[in-house]
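Peer 1: Listed here are the chains, written in short residue letters.
Number of protein chains: 2
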Amino acid sequence: MSKSGDDRRLSKKAYEARLPDVRAALVRMQVELKSSKFPVILVIGGVEASGKGEVINILNGWLDPRGFETFAFHEPTDEERERPAMWRYWRTLPPDGRMAIYAGGWHADALHEDPRSARELGQFDAMLRRFAWFEGQLAAGGALIIKVWLNLSKSAQRGRLRELESDTRTAWRVTPDDWKSQRDYDRLARLSERMRSATHQPGAPWYVVDSEDPRSRNLAVADILLSRFRIHMRARSRLASARRRRGRGIVPLRPAGLRRLLSLPLDNKLSQASYEKKRDKWLGRLNRVVRAASQERRSVVWVFEGWDASGKGGAIRRLTDAIDARDFRVIPVSKPTDEEKAHHYLWRFWRHVPRAGMVTIYDRSWYGRVLVERLEGFATEAEWRRAYRELNEFERELVEHGVIVLKFWLHIGKDEQLRRFRDREATSYKRHKIDAEDWRNRRKWQSYEIAVGDMLSLTSSRHAPWHLVAANNKRHARLEIIKSSCRQIEAALGV
Amino acid sequence: MSKSGDDRRLSKKAYEARLPDVRAALVRMQVELKSSKFPVILVIGGVEASGKGEVINILNGWLDPRGFETFAFHEPTDEERERPAMWRYWRTLPPDGRMAIYAGGWHADALHEDPRSARELGQFDAMLRRFAWFEGQLAAGGALIIKVWLNLSKSAQRGRLRELESDTRTAWRVTPDDWKSQRDYDRLARLSERMRSATHQPGAPWYVVDSEDPRSRNLAVADILLSRFRIHMRARSRLASARRRRGRGIVPLRPAGLRRLLSLPLDNKLSQASYEKKRDKWLGRLNRVVRAASQERRSVVWVFEGWDASGKGGAIRRLTDAIDARDFRVIPVSKPTDEEKAHHYLWRFWRHVPRAGMVTIYDRSWYGRVLVERLEGFATEAEWRRAYRELNEFERELVEHGVIVLKFWLHIGKDEQLRRFRDREATSYKRHKIDAEDWRNRRKWQSYEIAVGDMLSLTSSRHAPWHLVAANNKRHARLEIIKSSCRQIEAALGV
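If you're matching them up, the sequences are chains A and B in order.
Converting from the first sequence to our numbering requires adding 63 to each position, the first position being numbered 1.
Converting from the second sequence to our numbering requires adding 63 to each position, the first position being numbered 1.
Hints may contain errors.
[Said to hold, decoys possible] Capping the alpha-carbon separation at 20 Å, the derived lysine to aspartate or glutamate pairs in DMTMM-like fashion look like this:
1. A:K537 <-> B:D127
2. B:K493 <-> A:D127
3. A:K100 <-> B:D247
4. B:K97 <-> A:E439
5. B:K217 <-> B:D247
6. B:K404 <-> A:E402
7. B:K100 <-> A:E439
8. B:K398 <-> A:D401
9. A:K217 <-> A:D247
10. B:K507 <-> B:E436
11. B:K398 <-> A:E402
12. A:K243 <-> A:E228
13. A:K398 <-> B:E402
14. B:K493 <-> B:D371
15. A:K398 <-> A:E456
16. B:K493 <-> A:E402
17. A:K493 <-> B:E275
18. B:K398 <-> B:E359
[As the list claims (entries may be wrong)] Beta-carbon label-pair distances, calculated as ranges:
19. A:P265 <-> B:D486: 52 to 60 Å
20. A:R448 <-> B:D401: 28 to 36 Å
21. B:N455 <-> A:D241: 42 to 50 Å
22. B:D401 <-> A:L327: 37 to 45 Å
23. A:L82 <-> B:E359: 34 to 42 Å
24. A:L184 <-> B:R179: 30 to 38 Å
25. A:P265 <-> B:D141: 34 to 42 Å
26. A:A195 <-> B:G476: 52 to 60 Å
27. A:A298 <-> B:E359: 41 to 49 Å
28. B:E256 <-> A:H137: 19 to 27 Å
29. B:N350 <-> A:K243: 40 to 48 Å
30. B:S397 <-> A:R448: 44 to 52 Å
31. A:D241 <-> B:E339: 31 to 39 Å
Don't read these hints as lab results, they were simulated from the structure.
From a predicted model like this one, the values you see are computed outputs, not experimental measurements.
Heads up, the beta-carbon is just placed ideally off N, CA and C, and yes, glycines get one too.
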């Protein structure tokens, strides 16, 4: 962690002499940012009475307020409490070309817990690991993340509190909690040091700024912001020129998944009569377990991936037959909207994460990142390679919050697909389901097989395993999905 | 209100014979809807035990679940309670090409209040007027709204409740409340009749469906949906062919506003020294009143409109200097995003309505509807003419919830604008602020004057008056805005 700030106090005159340049540079920065393809995330944390609010208000005065927003996290709302912990931070993230300033950041949520016992400290550390992952992921996605910690020595803090108390206009700002944090100074300092070191990383470093002299402090924060912005812009332009669309990644990373895919027997027999009997039995069971999950305020997320025409839609309809319409949403995933494109690629999935006890069914999903985006070059090699871990971690967030995650890959043979395409073209009310893109994807069948294989082996975690479903026979596939879903939900509920 | 349904029971055989056609028609409807530029809103209300949930689940089975969502409104969340009553309905509205099914609709929220005294009935009626306005507005915006009321006679309801109770699989569904509603049948029937007649209108009619025979009921609902959809599609295509870009509305509707605009003295003197002294005094006062509003959980919404280069940005910066950065958001309004374009034009403003005690500053606003959209033909004449009342009602929603709405038109002379455009072009860090569109708008100055005049006279309500600010002198304008804001907030708080 770098140390900034100067022990000598800055005179008012010297300060005001520097202001016009700083302010002009900040406005130029905002203009440049507006047409850039990345967001800026500025966290202002610090000890009590170090002037976090002051710094933020001063930055607000220096910047054009139309280009950014300021957030402070208070008690979570009930809509936030019912979702994984990181959801409330995700929803505030600025789109490309804009900036958000976070008073205290998410870090304040961890520090407010004020952990004391070893168990609480363990939870604290786990929360910090989440934050580090969150920030690392955003940085990898191109965000400029700047975290500033406003520091004040113990005696300087005491002096500041006394100063505030002695002025009638500011005395109301000093609360008993402030004095408590003065008495607890050493312990809190160790805690925030622990927080900073756990969340310090190249893409999201902490800058400690001494805040004894407010004028030096203000300029130091502006300087950090400006210089990190310049460096970021330079790095991005170098990156852009170095970035060539290289090999489309048709070499498998982990052949085990591909082998598993290719060795799946596809043709299963199941008579209509036998199917209907079993289906109705299992749908009844599914209805019961989904209601049981809902009663325990557990959410369920279904993920459907599979070849074009592999029967995802039909399988989803069977499932939804067994669930109360007021409790589920089906999210068809295709091209992102422009608001979605302006965010980290996971943002558009986070926004649909269900509330407690509700169900979201994703018809195609975040796995597009390692399938179509990998093969079509929409993601760079570095991006899709990194994605395997990002997707695992995303699902871990869900599962740790209590969400039950069910993932299905619907597998059909290439011949079977051809048969279905031709059938769709021949049937008037199915014709809308097939277009040129489907035929294009079909020509890349072998590349897709490799990408699917890698996906299966690299993202089948214990908390969210892939179910590979033989789907040449639709009846068999639908029944399989219902059965696996029941079993996994029952296991998760411990029934 | 039309009556559907048939007294004779439909046999299972006759029912099943009709199903394939109905289901195929529903799927075709969904395919057509997908590429249409309007949303479908289907409300299923009805008496207890009439089978609302059943009908919705059946529709869910017949329709492709990827094309719509189902909503039921429970207790408002805290994020909803802190905003005007209609916010929670607006946020669920489907975009163009999609459908939403509402179990009970917003109407259930009114009926749950169960008004008894004359005062409660008055509130009930006021809520219904809001709903009627809400639906009328959406219908005028192109939405297809279908509201179905599932009816059951008193004796049929009793029979149904007994039937449910006698079966061990369904007995749990009958609650003491259900029997209470049976005893209260006549009063509740009068209440829901009153609700239906208050919210029945051409663009959003109620259909009463007799529900004694579930099979007839299901088909009746599907038939209403299908036939309304067909009629709506036909009407829209006729409308589209009849729709010609006619006169751009350069004749004033209400010359009073234009006269007021043209007679505003623009050149006010105010020395820098005198300005700074007054400004600091008034900013202090503004800071206090905004904090007082926040403490009373009152939100503030500022609306800034004005000529290009009239100084909206600068005025906003002065205001935000006096407000804690964590309490406000500035929303720059320009072209809508594609998600916004797929909704009613007010949806994108509703989404930023502040929580209790917070501030939103709109830099340009919903008034674009009667300014740029009127003049550029983005809205048809019928649309922008209707908008005056829609905008007034929108603001009334805010004000009735306790939001303080402050509206400013910043007025400069045409010569002054030219001077500022030239100045911007000559200054490197201001050049980004001016483009070809600004010059184009300038050429339409006189048309804009007329549109602004109409806006001022048609949307200056007592609850949200326009403040017309002479802005040739920036200092004068900024001070005026701060002063008027203080006074209006103080008046609203009664201090």
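Peer 1: Determine for every hint whether it applies to the structure shown.
Peer 2: Here is how each hint holds up against the structure:
no. : hint                          : in the structure
1   : A:K537 <-> B:D127             : holds (17 Å)
2   : B:K493 <-> A:D127             : holds (12 Å)
3   : A:K100 <-> B:D247             : violated (61 Å)
4   : B:K97 <-> A:E439              : violated (26 Å)
5   : B:K217 <-> B:D247             : holds (10 Å)
6   : B:K404 <-> A:E402             : holds (12 Å)
7   : B:K100 <-> A:E439             : violated (30 Å)
8   : B:K398 <-> A:D401             : holds (12 Å)
9   : A:K217 <-> A:D247             : holds (10 Å)
10  : B:K507 <-> B:E436             : holds (13 Å)
11  : B:K398 <-> A:E402             : holds (13 Å)
12  : A:K243 <-> A:E228             : holds (15 Å)
13  : A:K398 <-> B:E402             : holds (13 Å)
14  : B:K493 <-> B:D371             : holds (13 Å)
15  : A:K398 <-> A:E456             : violated (23 Å)
16  : B:K493 <-> A:E402             : violated (27 Å)
17  : A:K493 <-> B:E275             : violated (36 Å)
18  : B:K398 <-> B:E359             : violated (35 Å)
19  : A:P265 <-> B:D486: 52 to 60 Å : violated (44 Å)
20  : A:R448 <-> B:D401: 28 to 36 Å : holds (30 Å)
21  : B:N455 <-> A:D241: 42 to 50 Å : holds (47 Å)
22  : B:D401 <-> A:L327: 37 to 45 Å : holds (39 Å)
23  : A:L82 <-> B:E359: 34 to 42 Å  : holds (36 Å)
24  : A:L184 <-> B:R179: 30 to 38 Å : violated (56 Å)
25  : A:P265 <-> B:D141: 34 to 42 Å : holds (39 Å)
26  : A:A195 <-> B:G476: 52 to 60 Å : holds (57 Å)
27  : A:A298 <-> B:E359: 41 to 49 Å : holds (48 Å)
28  : B:E256 <-> A:H137: 19 to 27 Å : violated (45 Å)
29  : B:N350 <-> A:K243: 40 to 48 Å : violated (28 Å)
30  : B:S397 <-> A:R448: 44 to 52 Å : violated (37 Å)
31  : A:D241 <-> B:E339: 31 to 39 Å : holds (33 Å)
This entry does not satisfy hints 3, 4, 7, 15, 16, 17, 18, 19, 24, 28, 29, 30, going by the numbered hints stated previously.
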